[in-house]
Every structure is written in C-alpha cells, then in structure tokens.
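Enquirer: Sequence:
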Amino acid sequence: MRPAGRCGAVLSARRVRAYPGGMGELPETFDDAFRSSARSEWLRREFPRLLDPELPPEVEPFSFVPASGLAEIASAVRVGPGDLLVDLACGRGGPGMWVARRVGAALCGVDGSSVAVAAATDRRDAFGLGSRARFAQGDLAATGLADGAADAVMCVDALQFAPDRDLVARELRRVLRPGGRLVLTCWEARLLGDACVVERFATLRCGEVLRAAGFADVEVVERPAWEERRRAVYDAALALGPSEDVGLSMIQAEGRDALQEMPLTRRVLVTATNPT
49 MRPAGRCGAV LSARRVRAYP GGMGELPETF DDAFRSSARS EWLRREFPRL
99 LDPELPPEVE PFSFVPASGL AEIASAVRVG PGDLLVDLAC GRGGPGMWVA
149 RRVGAALCGV DGSSVAVAAA TDRRDAFGLG SRARFAQGDL AATGLADGAA
199 DAVMCVDALQ FAPDRDLVAR ELRRVLRPGG RLVLTCWEAR LLGDACVVER
249 FATLRCGEVL RAAGFADVEV VERPAWEERR RAVYDAALAL GPSEDVGLSM
299 IQAEGRDALQ EMPLTRRVLV TATNPT
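To convert, count from 1 in the sequence shown and add 48; that's my numbering.
Do not rely on the hints blindly, as some may be mistaken.
To be verified - Between beta-carbon pairs, the in silico distance windows are:
#1 LEU215 to GLN185: 13 to 21 Å
#2 GLU102 to ASP265: 24 to 32 Å
#3 ARG87 to GLU267: 38 to 46 Å
#4 ARG279 to ALA194: 35 to 43 Å
#5 PRO290 to ARG83: 38 to 46 Å
#6 GLY227 to GLU256: 37 to 45 Å
#7 SER123 to GLY178: 20 to 28 Å
#8 THR169 to VAL269: 31 to 39 Å
#9 SER123 to PRO101: 20 to 28 Å
#10 GLY255 to SER123: 17 to 25 Å
#11 GLY241 to PRO105: 38 to 46 Å
#12 ARG222 to ARG253: 38 to 46 Å
#13 GLY241 to ALA194: 31 to 39 Å
For the record, the hints were derived by calculation from the structure and aren't laboratory data. Where a beta carbon is used, it is the ideal one built from N, C-alpha and C, also for glycine.
With these hints in hand, go ahead and build the complete structure from the sequences.
Expert: Right, here's the structure in full:
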C-alpha cells in the first residue's frame, strides 16, 4: 500500500544530511559521513545492538546487514584460504573483515573515502587479520585493481550510489577472475520508476545491470527479515527524540521517510558469476 499523499512528493529526508542506507540526501562527502560517525556514541553502542545483537562488536556496522546476512555472503562468495576477496565500497571494513575471517581468505577493501580506508586499516587487528587484509582508496567504477585480481567480490549497500551502474558492473567483471563470484546487497523499488521512492532506488534493477554487463547465474532474492531489523533501528532511534549525537540524528533523519518508503521497496541479496 502506498503512503497516503506521498506519490511524487519531495521527501523531507532530502533536506537533511543522512547516509547509512542512502535513503535521504547524501553528505557533502563520504569523508564527512565517516568522520561524523566516528564521533557518535550511539552508532558505536546502540546501532549494532538494535540491528542484531548477534553481530560481533568489532564489526561496527555502517549498513543494514544482520549477522545472518553476513553469514550468507560468506557462503555465497565461495572462497577460502589462498583466495582474494575484494570488498568494494568497504567503508570502515567491518563486514568484509568478518567475511574474510570466516572463510580464511585474504581481503582487499576498496573505498572512495580516505577516512574510511584509514579506519579500516587501523581495525585489522581487531579481526586478527593483520597483513592478510589491506585497504586502498578507489572508485566504484575505477578500483585500481588488476584484471582478474579477485576470486570474489562483495559489495554491501553501495551500488545505489554509483552515477553509472553499468560502468560499475563492467568494472566488477574486469576485476573478477573467470568463474569468480559477485555478492552484493541493495534495495530496489517494487515498481520501477516509482516517484514515491528516492530516485537512486526507484531506477535500480540490480539483476538487469549485471546481466547487461555479461554476468551469468544472476540471482536476486528478497530478504524481508533484514528489513524488520532496519525497521527496529529506525523505530528505536525515533522514539528517543531530538539528540546532539550526530549519528543518532542521522539515523532519525533517514528513518522519518524510510519507514514510509519501506512498503514500496524490497531488500535484495544478489549473486552472480563471471563466466569462464
């Protein structure tokens, strides 16, 4: 059911600075978002607990994937010791390092934010990865990695931010070895082009983008249980009222409109293979 009176409206969240799910207006730079989040006691302590109490504290999530989702990603990438897993748009590195630790693979995280890359590098020892993990600054569509360097690529809640999704998909194929696996998470509008949904999701069809780039075995599956965890985060944040904590304010700003959009979007896990 559509929220009454919302179709074609300018979402109020676009007038504020938010970021984690990308449901509202983006910050001036992602560096700003990561600097702000580092100052937030609420994001460090309450966000992970509300999202999923089973998440290890070192993950420090900045996305909306619960522990069961990380385990599913770890299974879907199909890599192990001696393999290289690339985490594209890795942020502060928590989800990618969790997956790498779980499967025993080496990790290369790539993110456009120098602040995020520095934070991820500093956090390697919290996962016991040491030199097995490295992080570098790069773009979604220009990673700086060699052709076929990755045995698998994961990308958590980031494809929606790309100005040219087709270019990103081609870059993903380029860095993946033949037979390598891609696993990504995102949101899509249930109705393509829905004016009631933030444009970056209203125009996105992950499966179509990957198939057009030549990926094979593309599967797009909905994960509604993940959305219930996201809803719990927003509900708890909004119940607290105005706050000087920048992270809490960010989640509240996003949640005001995201909760109304949730019936119009679907949470997806996407897997694909770079054909041999």
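Enquirer: None of the hints should be skipped; say for each whether it holds.
Expert: Hints, verified against the model:
no., hint, verdict
1, LEU215 to GLN185: 13 to 21 Å, "18 Å, holds"
2, GLU102 to ASP265: 24 to 32 Å, "29 Å, holds"
3, ARG87 to GLU267: 38 to 46 Å, "39 Å, holds"
4, ARG279 to ALA194: 35 to 43 Å, "41 Å, holds"
5, PRO290 to ARG83: 38 to 46 Å, "21 Å, violated"
6, GLY227 to GLU256: 37 to 45 Å, "22 Å, violated"
7, SER123 to GLY178: 20 to 28 Å, "24 Å, holds"
8, THR169 to VAL269: 31 to 39 Å, "33 Å, holds"
9, SER123 to PRO101: 20 to 28 Å, "21 Å, holds"
10, GLY255 to SER123: 17 to 25 Å, "20 Å, holds"
11, GLY241 to PRO105: 38 to 46 Å, "40 Å, holds"
12, ARG222 to ARG253: 38 to 46 Å, "21 Å, violated"
13, GLY241 to ALA194: 31 to 39 Å, "37 Å, holds"
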